[in-house]
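S.K.: Residue numbers (the numbering used here), protein chains in the order written: chain V, 647 to 914; chain E, 2 to 308; chain Z, 382 to 488.
To be clear, the hints were calculated from the coordinates, so they are not data collected in a lab.
Any given hint could turn out to be false.
Going by beta-carbon spacing under 7 Å, a handful of chain E positions derived as facing chain Z [what the hints assert, rightly or not]: (1) H50; (2) L86; (3) S240.
Using 30 Å as the maximum straight-line C-alpha spacing, the simulated DSS-like pairs for lysine-lysine come out as follows [to be verified]: (4) Z/K450 - E/K67; (5) V/K801 - V/K883; (6) Z/K450 - V/K686.
Glycine included, C-beta positions come from ideal geometry on N, C-alpha and C.
These are the residues of each chain, in order.
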Amino acid sequence: MRSTPEGVAPLQQPFEEVFGQVILEPDRPEPDFVIGPHGKAAAKRFNVYRNNVTHSLVTALAEIFPATALILGERNFRMIARDFLRANPPRSRLVFEYGHGLPDHLAAFEPIRHLAYLPDVARLERAWLDAYHAADQAPLWPGEISAIPPEALAKTRFTPHPAMRLVRSDYAIHTIFVAHRGGPMPHRIDAGVAENVLVTRPALQVEVRRVEPSQAVFLLALGDGAPLQEAVEWAAKGDPCFDLAAAIGLLIESGAFSACQPATHDED
Amino acid sequence: MARDPIDTSTIHGRFPAFEPAGRAGASFKPQHLEAIAGDPGSIGFLEVHAENYMGAGGPPHAALAKIRAMLPVSLHGVCMSIGGLNPLDQTHLDRFAGLVERYEPFLVSEHLAWSTHDDVFYNDLLPLPYTDGTLARVCEHIDRVQEAIGRPMLLENPSTYVLFAQSTWTETDFLREIVRRTGCGLLLDINNVFVSATNHGFSATDYLADFPLAHVGEIHLAGHDEQEDDEGAPLLIDSHDRPVADPVWTLYERVIRQCGPITTLVEWDADVPEWPILRSEAAAAERILGAHRQRTGRSMKSHALHS
Amino acid sequence: MSTKIALSAAYIAGTVAAALSSGAFAAPLSQDQVKAAMDAGKEKCYGVALAGQNDCAAGPGTTCAGTSKVNYQGNAWTFVDGGTCATMELPGDRMGSPEPLDRDMAS
Numbered sequence: 647m648r649s650t651p652e653g654v655a656p657l658q659q660p661f662e663e664v665f666g667q668v669i670l671e672p673d674r675p676e677p678d679f680v681i682g683p684h685g686k687a688a689a690k691r692f693n694v695y696r697n698n699v700t701h702s703l704v705t706a707l708a709e710i711f712p713a714t715a716l717i718l719g720e721r722n723f724r725m726i727a728r729d730f731l732r733a734n735p736p737r738s739r740l741v742f743e744y745g746h747g748l749p750d751h752l753a754a755f756e757p758i759r760h761l762a763y764l765p766d767v768a769r770l771e772r773a774w775l776d777a778y779h780a781a782d783q784a785p786l787w788p789g790e791i792s793a794i795p796p797e798a799l800a801k802t803r804f805t806p807h808p809a810m811r812l813v814r815s816d817y818a819i820h821t822i823f824v825a826h827r828g829g830p831m832p833h834r835i836d837a838g839v840a841e842n843v844l845v846t847r848p849a850l851q852v853e854v855r856r857v858e859p860s861q862a863v864f865l866l867a868l869g870d871g872a873p874l875q876e877a878v879e880w881a882a883k884g885d886p887c888f889d890l891a892a893a894i895g896l897l898i899e900s901g902a903f904s905a906c907q908p909a910t911h912d913e914d
Numbered sequence: 002m003a004r005d006p007i008d009t010s011t012i013h014g015r016f017p018a019f020e021p022a023g024r025a026g027a028s029f030k031p032q033h034l035e036a037i038a039g040d041p042g043s044i045g046f047l048e049v050h051a052e053n054y055m056g057a058g059g060p061p062h063a064a065l066a067k068i069r070a071m072l073p074v075s076l077h078g079v080c081m082s083i084g085g086l087n088p089l090d091q092t093h094l095d096r097f098a099g100l101v102e103r104y105e106p107f108l109v110s111e112h113l114a115w116s117t118h119d120d121v122f123y124n125d126l127l128p129l130p131y132t133d134g135t136l137a138r139v140c141e142h143i144d145r146v147q148e149a150i151g152r153p154m155l156l157e158n159p160s161t162y163v164l165f166a167q168s169t170w171t172e173t174d175f176l177r178e179i180v181r182r183t184g185c186g187l188l189l190d191i192n193n194v195f196v197s198a199t200n201h202g203f204s205a206t207d208y209l210a211d212f213p214l215a216h217v218g219e220i221h222l223a224g225h226d227e228q229e230d231d232e233g234a235p236l237l238i239d240s241h242d243r244p245v246a247d248p249v250w251t252l253y254e255r256v257i258r259q260c261g262p263i264t265t266l267v268e269w270d271a272d273v274p275e276w277p278i279l280r281s282e283a284a285a286a287e288r289i290l291g292a293h294r295q296r297t298g299r300s301m302k303s304h305a306l307h308s
Numbered sequence: 382m383s384t385k386i387a388l389s390a391a392y393i394a395g396t397v398a399a400a401l402s403s404g405a406f407a408a409p410l411s412q413d414q415v416k417a418a419m420d421a422g423k424e425k426c427y428g429v430a431l432a433g434q435n436d437c438a439a440g441p442g443t444t445c446a447g448t449s450k451v452n453y454q455g456n457a458w459t460f461v462d463g464g465t466c467a468t469m470e471l472p473g474d475r476m477g478s479p480e481p482l483d484r485d486m487a488s
C-alpha cells in the first residue's frame with residue numbers, strides 16, 4: 647500500500663464528482679486537489695479541461711444543427727449552445743445522440759422568441775441525424791402490398807422503417823431547412839406557412855420531403871399501428887380531398903415503412 | 002493473468018486477414034473514403050474511434066465495412082471511462098464488444114482516463130490521481146473489457162494539464178503495474194509524453210527510459226498546440242490539429258531505434274487536411290520504421306502482447 | 382371515431398391496387414442496388430455526414446467559451462442579428478430581425 651503523500655489530506659469525496667461539477671461552472675475555482683508541478687498554480691491548467699468539454703460540445707451542436715446555427719449566426723448560436731450544455735450536459739457517450747433537448751431550450755429562450763420557427767427547424771435537424779444513424783432495413787417493396795388479397799387490405803397494418811420521422815410545424819421548416827442545408831437561398835422566405843416534413847433513409851441517403859397535412863396524418867396513424875382503413879379515415883376527416891393513391895405512392899417512394907401485415911382472422 | 006496473443010488467423014475471417022504489425026497508419030476520416038478507396042496501398046492501416054460506429058446503422062457502418070474490406074483497422078475507444086469511479090457501462094461495453102466482433106480489428110485500445118460520472122458525459126479524456134485505489138479500479142475495468150472482447154486491449158498513456166496532490170504512483174509505475182495485473186498491452190502516445198513532460202516539467206527522455214516499452218503494441222503520434230500556464234511557461238495542448246512536432250519525431254525515432262518497428266498511428270482529429278497531407282505524415286513514420294526494420298530484425302508479430 | 386368519414390374496404394382495395402399498378406412512382410433502390418453502386422466506387426452513396434463525432438482532439442487554449450462566466454440565460458441579453466434570420470418573414474409583420482440592434486454583450 648502506498649499512503650497519501652505527507653501533508654496532503656485524503657480525498658473526502660470522489661474526485662470525479664468535484665471535477666465534473668466545477669468543469670461546467672467557471673465561477674468556481676479549480677478543485678483544491680488539482681495542482682501544477684513544483685507548486686505552480688493550476689487555474690489555467692484546469693481551464694484547459696473546461697475548454698475541451700465546452701468547445702467540443704458546442705462544436706458538436708453546431709454540426710448537428712447547422713441550419714439553426716446559420717439562422718442565428720455563429721456567435722449567437724455558440725453562446726446559446728454553451729448555456730444549453732451547461733444546463734443539459736450529455737447523458738449519452740455518443741456525441742451524435744446529443745442535443746435532443748435543444749429545440750425546447752430554444753423555444754423557452756426569451757430573446758429569440760420572435761424566431762418562432764426555429765425550434766421546429768432544430769427538431770427537423772435532430773430528426774435528420776436520428777435517421778442517418780438508424781438501423782439498416784430494406785424499405786417496403788410494392789410487391790408485398792400487391793400480394794395481399796384485396797379483401798384483407800383495409801385491415802393491413804404497416805411497420806415503420808427505423809429511420810422514419812415526421813416533423814409537423816406551423817412554420818415553413820422544410821423550405822428553411824433546404825435553404826440552409828445546401829439548397830438555394832431565396833431572397834425572402836415566408837416562414838408563416840405550415841409545413842410537415844417526412845424524413846426517411848431507405849438506403850444510405852437521408853431524404854427529406856414536404857408532405858400534405860392529410861398525408862402526415864395518414865403516415866402518423868399508420869406509424870402508430872392503425873390499420874390502413876382507419877388511417878385513411880383519419881386523413882380524410884381532416885381533408886375530404888385526401889388522395890389515397892398519392893399517399894400510397896409516397897409511402898412506397900419514401901421508404902417510410904419496412905413491412906406490412908394483413909389482418910389475421912381474429913381481427914375480422 | 003495470461004492471455005493469448007492476438008492472432009489474426011483465428012478470428013472469423015469475414016474480412017481479409019492482414020499483417021500490419023510494424024506498419025504506419027492514419028486516423029480514418031469519412032471525408033477521405035474516396036481518396037483511400039482509390040489507393041488503399043498507400044497506407045498500412047486505418048484507425049477508427051469506436052464511438053463513431055456505435056449507431057445502429059447508416060453510412061458510418063457502410064463506410065467502415067468498405068475500408069475494412071480493403072485494409073486492416075484498429076479500434077480505438079475514446080469514452081469507456083476506464084479511469085472513472087462508476088462501474089463500466091454495460092450497454093457501452095456491449096456495443097464496444099459488438100464492434101470488435103463485427104469488424105475484426107487487429108488492435109483494440111482505450112485510454113487511461115475518465116469521461117463519464119453519474120451519467121454525465123463530459124466528452125473529454127479527464128485525468129485521474131494515481132493511487133492504490135484508482136489502480137485497483139482501473140485494473141478491474143480493464144479485466145471487464147478484456148473479458149467482454151475476449152482478447153487483450155492496449156491502454157494509452159494520457160496527456161495531462163494538472164497533477165493530483167494525492168498521487169502516490171508515477172505514471173510509468175502505474176502503467177507497469179496495470180500491465181502486470183491485467184495482462185493488457187500499452188499504447189504509447191509519444192505526443193502525449195511530450196505534452197505531459199513539458200506541462201509538468203519532467204524529461205520526456207527519462208519518462209520513456211522508465212516506460213515498459215516491451216509491452217507496447219502501438220504508438221500514437223499527433224500534433225499539439227502551445228499555450229501558456231499561469232506563470233507564463235509553455236502549456237502544450239493535445240490538439241491533434243496539425244503535423245507532428247519535430248521533438249516528437251525525435252523521441253519516436255529513438256524509441257524505434259531501441260525497440261525496432263512498432264505499429265504506429267498518426268492521429269489528426271481537428272482541422273483535418275486533405276488525405277495526401279495526412280498520408281504523407283504516415284509515410285514519414287513508415288520511413289523511420291523501414292530504416293530500423295532490417296537492422297533490428299524485430300519480429301513483425303504482436304510481440305508486445307506475448308509477455 | 383363516430384366523426385370519421387366512412388370509406389369502404391372495397392374503395393381502399395381498388396385505389397391501392399390502381400396506385401400500385403400505375404407505375405406513377407418508383408420504389409427506392411434496394412440494399413443490393415446500393416451496395417453494387419458502392420462497390421463500383423460511387424462513394425457519394427454514403428452520404429457522409431460529420432455531425433457529432435467522438436474524437437480525441439483537445440479544444441483551443443485556456444481562455445475561450447469554457448471559461449466565460451457570463452450566463453446568457455440569467456442575464457438580460459438582446460439577440461443581435463448575426464445569421465440569416467432576417468431572410469425569414471413571419472405574419473403580422475413580425476420580421477426575423479429584431480428591433481434594437483444594440484450590442485450589449487459582455488464576453
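S.K.: With chain Z as the partner, please determine if E/H50 meets the hint condition of a C-beta pair closer than 7 Å.
M.R.: Holds, because the Cβ-Cβ distance from E/H50 to chain Z comes to roughly 5 Å (cut-off 7 Å).
S.K.: Is the Cα-Cα distance between Z/K450 and V/K686 30 Å or less?
M.R.: holds (24 Å)
S.K.: A closest beta-carbon separation below 7 Å is what the hint needs, so does E/L86 meet it against chain Z?
M.R.: Nearest chain Z Cβ about 21 Å off; hint violated.
S.K.: Would you check the hint for Z/K450 and E/K67, treating anything up to 30 Å between C-alpha atoms as holding?
M.R.: violated (46 Å)
S.K.: For the pair we were handed, V/K801 and V/K883, check the Cα-Cα distance against 30 Å.
M.R.: holds (18 Å)
S.K.: Grab the minimum C-beta distance from E/S240 to chain Z and call the hint holds if it beats 7 Å, violated otherwise.
M.R.: Cβ of E/S240 sits 5 Å from chain Z, so the hint holds.
Of the numbered hints listed earlier, those contradicted by the structure are 2, 4.
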